[in-house]
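Novice: Here are the chains, one letter per residue:
Number of protein chains: 2
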Amino acid sequence: MQRYFIPAEHWNKDYVTIKGKDVHHISRVMRMEIGSSIVCIHPHDGPALTKIENITEESISCNIVEWLDEDRELPVDVTVAQSLGKGDKLELVVQKGTELGAARFIPYAADRSVAKWDHKKAKKKVERLQKISKEASEQSERSFIPEVTPLHSLKELMEIEGYDWCFFGYADEARQRSSTSLKTRLSKVKTGDKVLVVFGPEGGFSENEVQQFRASGFLSVRLGPRILRMETAPFYFLSSLSYQLEENEGD
Amino acid sequence: MQRYFIPAEHWNKDYVTIKGKDVHHISRVMRMEIGSSIVCIHPHDGPALTKIENITEESISCNIVEWLDEDRELPVDVTVAQSLGKGDKLELVVQKGTELGAARFIPYAADRSVAKWDHKKAKKKVERLQKISKEASEQSERSFIPEVTPLHSLKELMEIEGYDWCFFGYADEARQRSSTSLKTRLSKVKTGDKVLVVFGPEGGFSENEVQQFRASGFLSVRLGPRILRMETAPFYFLSSLSYQLEENEGD
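Residue numbers (our numbering), protein chains in the order written: chain D, 2 to 252; chain W, 2 to 252.
To be clear, the hints were calculated from the coordinates, so they are not data collected in a lab.
Don't take each hint at face value.
Identical copies look the same in the list; a pair holds intra-copy or inter-copy alike.
[Stated by the list, open to error] In silico DSS-like cross-links for lysine-lysine, where the CA-CA straight-line distance does not exceed 30 angstroms:
1. K52 / K189
2. K117 / K14
3. K126 / K87
4. K191 / K117
5. K52 / K126
6. K124 / K156
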């Protein structure tokens, strides 16, 4: 069933009003009519099954039939901080990271980040990433759209507060068999925890950055014994976290 | 350290001879000289640390210093069968799947595959995918290059033999909470097992295909509760398998 994320101010007790681009999509692209069912998603309350009651050029109103209890969200709140990368790597991270359940993305500039964003470029890039995150949320049937924050400095990342767990992906750990396994890290993460995980640029973190992470209380994470590209590392992390928390029943 | 995959016929007891494009890369691009160390990788025996002994226009000979025991390969042999997809989706699957440890890729045409390959196109596409797999193997420090097979039909896939486990990724399982968890499936997979996993096209498998899989003894796998795009599904599967088998020590 088609799904649309509707801003909080367009919801009432029994009905929801759809405006803007979604109106065109529902009436022209999908050619839906009065009586058709769609899922409307409230930014805080999640998805509701609704039925179209009225269609005009500017708006569509829908009756709320029932609130859905879908349970599509990772049981922990994960923020992926990803260094700027070449080409469309960040777009891939936001698209796939949204499918894999991330709650938030923070783009940041690392010492070795090849790509640079000036102020004007940063605003446009974040808008584009936010659009990708919305589309991926609809496609993957998420109940919430992950936020893409403005560009951060590494210093801002190190000083961030309010997280239960702060991790950084460290490629050199893949080369060491003796380092702490990812299972050891993730098995301590509990439902409701807030997790921040920082991934480095193409050339990895500088030694200085690794020292700063450790000094700021960040724990390094291994992601298997192979050397992953910068954009592959968050896929491994998020998939493993989902496996650990959402696919872990039985033996 | 730079890594090069060298065909079996170029190896002798104590030294290895490098020919073709790698000669240019080593002497011109990397500007390496006699005495430089590189890792040469034998297709069956894996990686060896070597030292350059002689450089000509056509070939480079290297002394074998020691065979390396790197342990970079997934302890199970995983074949990813991926349906043809739009654009460069298959290239992404082969690149990331190689980083994540797959042993083999089989492209195949599903009922709902939008993309079609004719005979001529198929040959070129497979060559291109094989090149991507080689590059990703070098980058991720694999000991072996995953093979990309010629295009298969679904019927050929169903009749394939020699696997301990045959799975298919089934998006509808994500919508059912009661279905068997991925952990239940993967915890039965043992070191040395051969695993085949089949992923569907953009629109998912047809009902007919699902019935055929079940009739042929394939087990369905869940990949978390969100609906993943066709190219994201193998990342989740391979990451979880690596997490289960390679990152599972401790608690």
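Novice: The structure should be examined with respect to each hint, and the outcome stated for every one.
Specialist: Hints, verified against the model:
Taking the shortest Cα distances, K52 and K189 never come within 30 angstroms of each other, neither inside one copy (43 angstroms) nor across copies (45 angstroms). Taking the shortest alpha-carbon separations for K117 and K14, neither the intra-copy value of 46 angstroms nor the inter-copy value of 49 angstroms comes in at or below 30 angstroms. When the C-alpha separation of K126 and K87 is checked against a cutoff of 30 angstroms, the pair qualifies both within a copy, at 13 angstroms, and between copies, at 25 angstroms. When the C-alpha separation of K191 and K117 is checked against a cutoff of 30 angstroms, the pair qualifies neither within a copy, at 36 angstroms, nor between copies, at 45 angstroms.
In this assembly of identical chains, the alpha carbons of K52 and K126 never lie at most 30 angstroms apart, being 36 angstroms within a copy and 46 angstroms across copies at closest. Taking the shortest alpha-carbon separations for K124 and K156, only the intra-copy value of 20 angstroms comes in at or below 30 angstroms, while the best inter-copy value is 50 angstroms.
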